[in-house]
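Q: Letter by letter, the chains look like this.
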Amino acid sequence: MSPTPISFSILVYGAPYSSQSVSTAYRFTKTAIEKGHRIHRVFFYGDAVQIGSRLVAVPQDEVDLQLKWQQLGEQYQLDMVICIAAALKRGIINSDEAKRFEKDASNLAEGFTLSGLGQMIDATQSSDRIVTFGY
Amino acid sequence: MTDKKQSILAVLTKPPYGGTTAKEALDAVLTAAAFEVPVSVLFMDDAVFQLLPEQKTEGIEVKCLATTLPVLPMYDVEHIYVDRKALVDRGIDAEQLILSVQPVETDTLRSLFQNHSRILSF
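These protein sequence lines are chains A and B, in that order.
Taking the working numbering, the leading residue of the first sequence gets 13, the next gets one more, and so forth.
Taking the working numbering, the leading residue of the second sequence gets 887, the next gets one more, and so forth.
None of these hints come from the bench; they were simulated from the model.
Be careful, since some hints might not be right.
[What the hints assert, rightly or not] Mimicking BS3-like on lysine-lysine, the simulated pairs with C-alpha atoms at most 30 Å apart in a straight line are:
hint: 1; chain 1: A; residue 1: Lys101; chain 2: A; residue 2: Lys115
hint: 2; chain 1: B; residue 1: Lys949; chain 2: A; residue 2: Lys42
hint: 3; chain 1: A; residue 1: Lys80; chain 2: A; residue 2: Lys42
hint: 4; chain 1: A; residue 1: Lys101; chain 2: B; residue 2: Lys890
hint: 5; chain 1: B; residue 1: Lys942; chain 2: B; residue 2: Lys971
hint: 6; chain 1: A; residue 1: Lys80; chain 2: A; residue 2: Lys111
hint: 7; chain 1: B; residue 1: Lys909; chain 2: A; residue 2: Lys47
hint: 8; chain 1: B; residue 1: Lys909; chain 2: A; residue 2: Lys101
hint: 9; chain 1: B; residue 1: Lys942; chain 2: B; residue 2: Lys891
hint: 10; chain 1: A; residue 1: Lys80; chain 2: A; residue 2: Lys101
hint: 11; chain 1: B; residue 1: Lys942; chain 2: A; residue 2: Lys101
hint: 12; chain 1: B; residue 1: Lys949; chain 2: A; residue 2: Lys111
hint: 13; chain 1: B; residue 1: Lys909; chain 2: B; residue 2: Lys890
hint: 14; chain 1: B; residue 1: Lys949; chain 2: B; residue 2: Lys890
hint: 15; chain 1: B; residue 1: Lys909; chain 2: A; residue 2: Lys111
hint: 16; chain 1: B; residue 1: Lys949; chain 2: B; residue 2: Lys971
hint: 17; chain 1: A; residue 1: Lys101; chain 2: A; residue 2: Lys111
hint: 18; chain 1: B; residue 1: Lys890; chain 2: B; residue 2: Lys942
hint: 19; chain 1: A; residue 1: Lys101; chain 2: A; residue 2: Lys47
hint: 20; chain 1: B; residue 1: Lys909; chain 2: B; residue 2: Lys891
hint: 21; chain 1: B; residue 1: Lys890; chain 2: A; residue 2: Lys47
hint: 22; chain 1: A; residue 1: Lys115; chain 2: B; residue 2: Lys949
hint: 23; chain 1: A; residue 1: Lys80; chain 2: A; residue 2: Lys115
hint: 24; chain 1: B; residue 1: Lys890; chain 2: A; residue 2: Lys115
[To be verified] Label-pair restraints from in silico Cβ distances:
hint: 25; chain 1: B; residue 1: Gln1000; chain 2: A; residue 2: Glu46; range: 28 to 36 Å
hint: 26; chain 1: B; residue 1: Gln982; chain 2: A; residue 2: Thr125; range: 25 to 33 Å
hint: 27; chain 1: B; residue 1: Val974; chain 2: A; residue 2: Ser30; range: 27 to 35 Å
[As the list claims (entries may be wrong)] Some chain B residues near chain A, calculated using beta-carbon distances under 10 Å:
hint: 28; residue: Gly904
hint: 29; residue: Asp913
hint: 30; residue: Ala914
hint: 31; residue: Ala920
hint: 32; residue: Ala952
hint: 33; residue: His965
hint: 34; residue: Arg970
hint: 35; residue: Gln982
hint: 36; residue: Gln1000
hint: 37; residue: Ser1003
hint: 38; residue: Ile1005
We treat Cβ as the ideally placed atom computed from N, Cα and C, and that holds for glycine.
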């Protein structure tokens, strides 16, 4: 019997490839959707913002976490938000911000958007459950 | 955002320095308050070190958290709790803290979690 569908928002803090949280969050999100639940938003905060750099090159025998999130995001139209304040100081930047801060390049990967902490707070208000994947 | 606000309990567990989590948690709490979402804060584990007076951070070149924490009541973050056992375990006197916090016994932590609709853990 399927459980009653509920809406989740997912918070992720750990750095991909240092912590397992980005990977575990991915599997949780995918499973929740497959079980019929809704994902309101995925919010990457702290070191997890590194998921958004398209300059990451993963060894062939390791999992490409960014690609996995992008595919999941595209398939289910996920709102995948990267905290802008946490991202900028860690070198994750989109073209608008690169212009604003006079940087010579931008690197935000497709499928992710930079936005503020307000999106995290909105997630607490607009979803039934918040599930956090820490460091 | 929906009309009826879901109350948030921000559970802080990290020490003030050595990582950026304490600051990022505080930013999230202040954002919730700015959005007029009812938010309470619980200091647990090593996060109780955030409450110590006389934090001097010039030497490590980071912003002093102790100058930001006292703004919480001004942002209408009125319910600030601390796990009493976390204080006792670390030999910290509840009277010396930089914020007016309400010590909570271990067996009442459960009701604190139950009394809030959403938990943000850091």
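Q: With reference to the structure, classify each hint as holding or not holding.
A: Results of checking the hints against the structure:
1. A:Lys101 <-> A:Lys115: holds, 13 Å
2. B:Lys949 <-> A:Lys42: violated, 38 Å
3. A:Lys80 <-> A:Lys42: At roughly 10 Å apart (the allowed maximum being 30 Å), Lys42 of chain A and Lys80 of chain A satisfy the hint.
4. A:Lys101 <-> B:Lys890: violated, 34 Å
5. B:Lys942 <-> B:Lys971: At roughly 25 Å apart (the allowed maximum being 30 Å), Lys971 of chain B and Lys942 of chain B satisfy the hint.
6. A:Lys80 <-> A:Lys111: Holds - the C-alpha atoms of Lys111 of chain A and Lys80 of chain A are around 29 Å apart, at most 30 Å.
7. B:Lys909 <-> A:Lys47: violated, 36 Å
8. B:Lys909 <-> A:Lys101: OK: Lys909 of chain B and Lys101 of chain A at ~13 Å, within 30 Å.
9. B:Lys942 <-> B:Lys891: violated, 37 Å
10. A:Lys80 <-> A:Lys101: Holds: Lys80 of chain A and Lys101 of chain A sit about 25 Å apart, inside 30 Å.
11. B:Lys942 <-> A:Lys101: Holds, at roughly 23 Å.
12. B:Lys949 <-> A:Lys111: holds, 27 Å
13. B:Lys909 <-> B:Lys890: holds, 28 Å
14. B:Lys949 <-> B:Lys890: Not OK: Lys949 of chain B and Lys890 of chain B at ~35 Å, beyond 30 Å, violated.
15. B:Lys909 <-> A:Lys111: holds, 27 Å
16. B:Lys949 <-> B:Lys971: holds, 28 Å
17. A:Lys101 <-> A:Lys111: Holds, at about 15 Å.
18. B:Lys890 <-> B:Lys942: Judged against 30 Å, a Cα distance of about 41 Å means the pair is violated.
19. A:Lys101 <-> A:Lys47: violated, 37 Å
20. B:Lys909 <-> B:Lys891: Distance of about 24 Å is within 30 Å: holds.
21. B:Lys890 <-> A:Lys47: Holds. Lys890 of chain B to Lys47 of chain A sits at ~28 Å (cutoff 30 Å).
22. A:Lys115 <-> B:Lys949: At roughly 25 Å apart (the allowed maximum being 30 Å), Lys949 of chain B and Lys115 of chain A satisfy the hint.
23. A:Lys80 <-> A:Lys115: Answer holds: Lys80 of chain A to Lys115 of chain A is near 28 Å, not above 30 Å.
24. B:Lys890 <-> A:Lys115: violated, 42 Å
25. B:Gln1000 <-> A:Glu46: 28 to 36 Å: holds, 30 Å
26. B:Gln982 <-> A:Thr125: 25 to 33 Å: violated, 44 Å
27. B:Val974 <-> A:Ser30: 27 to 35 Å: Holds, since Val974 of chain B and Ser30 of chain A (Cβ atoms, about 33 Å apart) stay within the stated range.
28. Gly904: violated, 12 Å
29. Asp913: Given a least distance of 6 Å, the restraint on Asp913 of chain B holds.
30. Ala914: holds, 6 Å
31. Ala920: holds, 8 Å
32. Ala952: violated, 21 Å
33. His965: violated, 16 Å
34. Arg970: With a closest approach of 23 Å, the Arg970 of chain B hint is violated.
35. Gln982: With Cβ-Cβ at 29 Å, over 10 Å, it is violated.
36. Gln1000: Cβ of Gln1000 of chain B sits 15 Å from chain A, so the hint is violated.
37. Ser1003: holds, 8 Å
38. Ile1005: holds, 7 Å
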